[in-house]
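Respectively, the protein sequence lines represent chains A and W. Residue numbers in the first sequence follow the working numbering, run continuously in steps of one, and reach 177 at the last position. Residue numbers in the second sequence follow the working numbering, run continuously in steps of one, and reach 1091 at the last position.
Wrong hints could be hidden among the right ones.
Some chain W residues near chain A, calculated using beta-carbon distances under 10 Å [what the hints assert, rightly or not]:
| hint | residue |
| --- | --- |
| 1 | Gly1021 |
| 2 | Arg1070 |
| 3 | Ile1080 |
Here are the computed lysine-lysine pairs in the DSSO-like style, where the Cα-Cα straight-line distance is at most 27 Å [unchecked claim]:
| hint | chain 1 | residue 1 | chain 2 | residue 2 |
| --- | --- | --- | --- | --- |
| 4 | W | Lys1059 | A | Lys127 |
| 5 | A | Lys113 | A | Lys65 |
| 6 | A | Lys65 | A | Lys127 |
| 7 | A | Lys68 | A | Lys127 |
| 8 | A | Lys113 | A | Lys127 |
| 9 | W | Lys1041 | A | Lys129 |
| 10 | A | Lys66 | A | Lys129 |
| 11 | A | Lys129 | W | Lys1077 |
| 12 | A | Lys41 | A | Lys65 |
| 13 | A | Lys140 | W | Lys1059 |
| 14 | W | Lys1041 | A | Lys68 |
| 15 | A | Lys140 | W | Lys1041 |
| 16 | A | Lys132 | W | Lys1077 |
| 17 | W | Lys1041 | A | Lys132 |
| 18 | A | Lys41 | A | Lys132 |
| 19 | A | Lys68 | A | Lys129 |
| 20 | A | Lys65 | W | Lys1077 |
| 21 | A | Lys132 | A | Lys68 |
| 22 | A | Lys132 | A | Lys113 |
| 23 | W | Lys1077 | A | Lys140 |
| 24 | W | Lys1059 | A | Lys113 |
| 25 | A | Lys66 | A | Lys113 |
| 26 | A | Lys140 | A | Lys127 |
| 27 | A | Lys113 | W | Lys1041 |
| 28 | A | Lys129 | A | Lys140 |
| 29 | A | Lys132 | A | Lys66 |
| 30 | A | Lys113 | A | Lys41 |
| 31 | A | Lys68 | W | Lys1077 |
| 32 | A | Lys41 | A | Lys68 |
| 33 | W | Lys1059 | A | Lys41 |
Source of the hints: derived by calculation from the structure; they are not laboratory data. All figures in this text were calculated on a predicted structure; none of them were measured in a lab. Cβ atoms here follow ideal geometry from the backbone N, Cα and C, with glycine treated the same way.
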Amino acid sequence: MKYSILLLSLVSQIAVANCNVKTASYLANEHQVGPITNLVKDQGEGYCNVAFDITVDGTQHHLTKKYKGLERSEILCQYARDEAREDLLLDLGGTFKAEAVTSCNEGAIVPVKITVGSTVLETEIGKHKRSKYFTRNGLKCRMFTEHGYVDGTPRVYNGVICQNDPEDSNWTVMDKW
Amino acid sequence: MKYLPAVLVLLLAACGKVDNGPPYHPLTYEELVQYQPSCSKRADQLRELRLLQNYWGFKADPDELNDDDREYNARLKNLIWWYPYNCGEQE
């Protein structure tokens, strides 16, 4: 009997060793958030300052945010608004939810190779030195850097991932080089 | 008589002697390294870079390219993505 338990334990560990676990956590928004009102924008080349009011759970907040970057000032204003609102919601707190996707392939090593068209979680993809988000065809995108080995030689890849939907935690690899 | 030029053009076209413009010379790797992307020239530069991309037709998987092609392709794609990153959404 004790040998069969030992054997089961061993098989279980082998299976776990060949599983690929993708995890992500996000702040689930459980607040009643109203629209942005009284928006004032001070924008110029490479910067945008915004000030606006927003009502969360019946309480009005006045927010200000500065954003600098190389994008057009309208985009910078959008980033500033989004960041100010996200910062406020983070300060207010909420419930963090985590999700994990586990895929197992018993008996074979799971190849982890990101290719164009792959669906990924943003948290599993490395940051690029150009770390800011940008918009492409209405989708939120960012660049990534990935390290791999080919024939024992290290290789650095770069690419672009875009969020499938503003509410979706899945991102798609748009390009890789 | 007034139709003579048109007739001549048609004859030349039929004989395959119409000039199709200068032959296409793709940018070299060194020229790509020196390339100066500019938001104000975005449309023209992107057209040029995509023409270059179509000309070479590199495979999407960088692991299927040899070292030279991978370097060239990386330079090219870096340039193409420079525009949405630095100039915003509009093309």
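These are the hints, each one checked on the structure:
1. Gly1021: Violated - the Cβ of Gly1021(W) stays beyond 10 Å from chain A, reaching only about 31 Å at its closest.
2. Arg1070: It holds, given that the least Cβ distance between Arg1070(W) and chain A is near 8 Å, below 10 Å.
3. Ile1080: 8 Å, holds
4. Lys1059(W) with Lys127(A): 24 Å, holds
5. Lys113(A) with Lys65(A): 39 Å, violated
6. Lys65(A) with Lys127(A): 24 Å, holds
7. Lys68(A) with Lys127(A): 19 Å, holds
8. Lys113(A) with Lys127(A): 17 Å, holds
9. Lys1041(W) with Lys129(A): Roughly 25 Å separates the two Cα atoms, so the pair holds.
10. Lys66(A) with Lys129(A): At roughly 21 Å apart (the allowed maximum being 27 Å), Lys129(A) and Lys66(A) satisfy the hint.
11. Lys129(A) with Lys1077(W): 16 Å, holds
12. Lys41(A) with Lys65(A): At roughly 10 Å apart (the allowed maximum being 27 Å), Lys65(A) and Lys41(A) satisfy the hint.
13. Lys140(A) with Lys1059(W): Roughly 25 Å between the alpha carbons, so the hint for Lys140(A) and Lys1059(W) holds.
14. Lys1041(W) with Lys68(A): Judged against 27 Å, a Cα distance of about 22 Å means the pair holds.
15. Lys140(A) with Lys1041(W): Satisfied, since the Cα-Cα distance of roughly 24 Å is no more than 27 Å.
16. Lys132(A) with Lys1077(W): 18 Å, holds
17. Lys1041(W) with Lys132(A): Status holds; Cα separation ~23 Å.
18. Lys41(A) with Lys132(A): 21 Å, holds
19. Lys68(A) with Lys129(A): Roughly 16 Å between the alpha carbons, so the hint for Lys68(A) and Lys129(A) holds.
20. Lys65(A) with Lys1077(W): 33 Å, violated
21. Lys132(A) with Lys68(A): 11 Å, holds
22. Lys132(A) with Lys113(A): 24 Å, holds
23. Lys1077(W) with Lys140(A): Distance of about 19 Å is within 27 Å: holds.
24. Lys1059(W) with Lys113(A): 16 Å, holds
25. Lys66(A) with Lys113(A): Violated, at about 38 Å.
26. Lys140(A) with Lys127(A): 15 Å, holds
27. Lys113(A) with Lys1041(W): Distance of about 36 Å is beyond 27 Å: violated.
28. Lys129(A) with Lys140(A): Roughly 17 Å separates the two Cα atoms, so the pair holds.
29. Lys132(A) with Lys66(A): 15 Å, holds
30. Lys113(A) with Lys41(A): 43 Å, violated
31. Lys68(A) with Lys1077(W): 25 Å, holds
32. Lys41(A) with Lys68(A): Answer holds: Lys41(A) to Lys68(A) is near 13 Å, not above 27 Å.
33. Lys1059(W) with Lys41(A): The hint is violated at about 45 Å.
When the structure is compared with the earlier hints, violations turn up for hints 1, 5, 20, 25, 27, 30, 33 and for no others.
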